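A.B. asks: Residue numbers (the numbering used here), protein chains in the order written: chain L, 1 to 225; chain Z, 226 to 566.
Source of the hints: derived by calculation from the structure; they are not laboratory data.
Please note: incorrect hints may appear among the correct ones.
[As the list claims (entries may be wrong)] DSSO-like cross-link-like pairs, simulated, lysine-lysine; straight-line CA separation at most 27 Å:
1. Z:Lys322 - L:Lys221
2. Z:Lys333 - Z:Lys304
3. L:Lys221 - Z:Lys304
Model, not experiment: these values are computed from the prediction.
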Amino acid sequence: MSLAIINDLVSNVDWSEINDATLDTLFMLGFSVLFSTIIGIPVGLILFLTSKGRLLQNRFVYMILSFVVNVLRSVPFIILLIVMIPATTMLVGTSLGAKGTIPPLVIGAFPFFARLVENSLKEIDDGIFHMAESCGASTRQIIWHILLPEIMPSLIASITVTAIALVSYTAMAGTVGGGGLGDLAIRYGYQRFQTDVMLITVVLMVVMVQLIQICGDFLVKIMRK
Amino acid sequence: MIKINGLSKSYPTKKNKNLILDNISLDVPVGQVFGIIGKSGAGKSTLLKCLNLLERPDSGNVIIDGVDLTTLSTSELRKERQQIGIIFQHFNLLSSKTIFDNVALPLKLQGNHNKAEIKLAVDEMLALVGLTDFATKYPASLSGGQKQRVGIARALITKPKLLLSDEATSALDPQTTSSILELLLEINQKMGITIFLITHELEVVRKICDKVAVIDGGKIIEQGNAFDILLHPQQPLTRKLIIEEESEKYLEQVNHYYQFEKSSNKHILLLSFVGDATYQPILNIISKSAGVEFSILRGELGRIKNMPFGQLLIEFECDEKNLATACKIMKEMGVHYEIVH
Ligand SMILES: Nc1ncnc2c1ncn2[C@@H]1O[C@H](COP(=O)(O)OP(=O)(O)O)[C@@H](O)[C@H]1O
Ligand SMILES: [Mg+2]
């Protein structure tokens, strides 16, 4: 009986469109997480290493970078989407579609991720640096042999948090022509009052977030020994 | 092995100069266990950091194995540091790496060893510290004593001639402390590695040090053989540091006596004797040949490193002349004495 109700409820839904939108969202998510990580790790490292009392202490670099990160973090994402249209067009040839949302998604997420990286690095005990330097390690060796392996579990946790934030960002990007599940939800649910489609997109996004969290937690668990 | 000349170090603040190490000079011979003892905040850790130039001294030289570290370039300094092993109070192991990889780290940083060489060396070190079965475990699953053994294995993997230790046993319980100290002594004796350690624990100096220097307020206030410093320290501050508990006890007893006994032919002496003298009937001999009566107020027998020693608080009942004779006999027998009252 309940199956019949559900069937009834979703009888008008165009599943192929939902399928496409899901793939678009996964595409946006995948690439934005990837690039946020690739940019965020070095930025987080530089923030950490140039801060006071650290290996590459440099007030000037730290202040500039920290300022840029703070500015980017304080711009509301919806504004970033609009402001970045020219830059996005230049970078990927279009500001529309899934492809056109990736640059603003990355710019919106990497500063947040970089701060998470910086904070994980701050958690490392001073004694570890003392040990590494006493062994004659160079800064480059300290980064590769010590810092990155030591923060790996919290790096995975930070990627998880960032990916989840990016799920809702991709939905917001939908409102300005970004495509994906957010776009679908707005077009059907808001503009055409087709609540069923909106409901399905929301459920799909909830499932996505849950899966990301479960995978992230699992990876962190096997890494923390 | 280590020669420090006129080393000073300050952490200047806006308000004052904040001299942490004040004109320190030390000489640590090859193959010895040299201890620096001092209260917390005395500047011990800073001194150790100046030894491998993690902190650059304001002035003075640090010469290790003939090389003046203060004159080296950054990359030369890194090479020298690889020749100095170091262990820490809080072990400083990498939680993300297995015991094997923790021990292998210094070799990997040197970058000129292949996998087989590294495995051979790590296995040898793990065997030395008795942790062969722990190679694939992670530090989180080890006890404090085991973690310090890993620290020691890591410090020795590059076959250094010098091992530095910053309070290596201060985070351990007494029993574990003993076993780690024994291991260090074994390393010193079997491998001939010079050990320079800093500690605030008298026990450490007693168990393994050949020489000791006392640091207070950034100055070396007294240094010499562990024996001399432990048994009859000269400087008031050293006395306070070294015989604090003991002196409390016997001074209490002495004062207690003198409250009732004003009689001038009672003399309180603190006798210390080491080595063979420990096993001789010293008091009997003195009593007979100087004609003095004695009673023992308090006594202690023990070992410093592997040398037996005894320390007795004695009351002699005799006149000044007999006391002088007794003192002369003691001097001849190599008994160190100090007239307390
Ligand atoms: N990086 C630093 N900056 C300023 N003061 C320091 C620094 N490191 C140590 N000190 C000061 O130097 C003194 C000696 O410290 P330390 O060498 O750690 O003593 P110990 O190891 O004997 O306990 C302390 O008063 C401490 O506050
Ligand atoms: Mg200290």
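A.B. asks: Regarding the pair Lys333 of chain Z and Lys304 of chain Z, is the alpha-carbon distance no greater than 27 Å?
C.D. replies: Measuring from Cα to Cα gives roughly 13 Å; hence the hint holds.
A.B. asks: Does the structure keep Lys221 of chain L and Lys304 of chain Z at a Cα separation of 27 Å or less?
C.D. replies: Answer violated: Lys221 of chain L to Lys304 of chain Z is near 38 Å, above 27 Å.
A.B. asks: Under the criterion that the straight-line Cα-Cα distance not exceed 27 Å, is the pair Lys322 of chain Z, Lys221 of chain L satisfied?
C.D. replies: holds, 15 Å
Violated hints amount to a single one, hint 3; each of the other numbered hints is respected by the structure.
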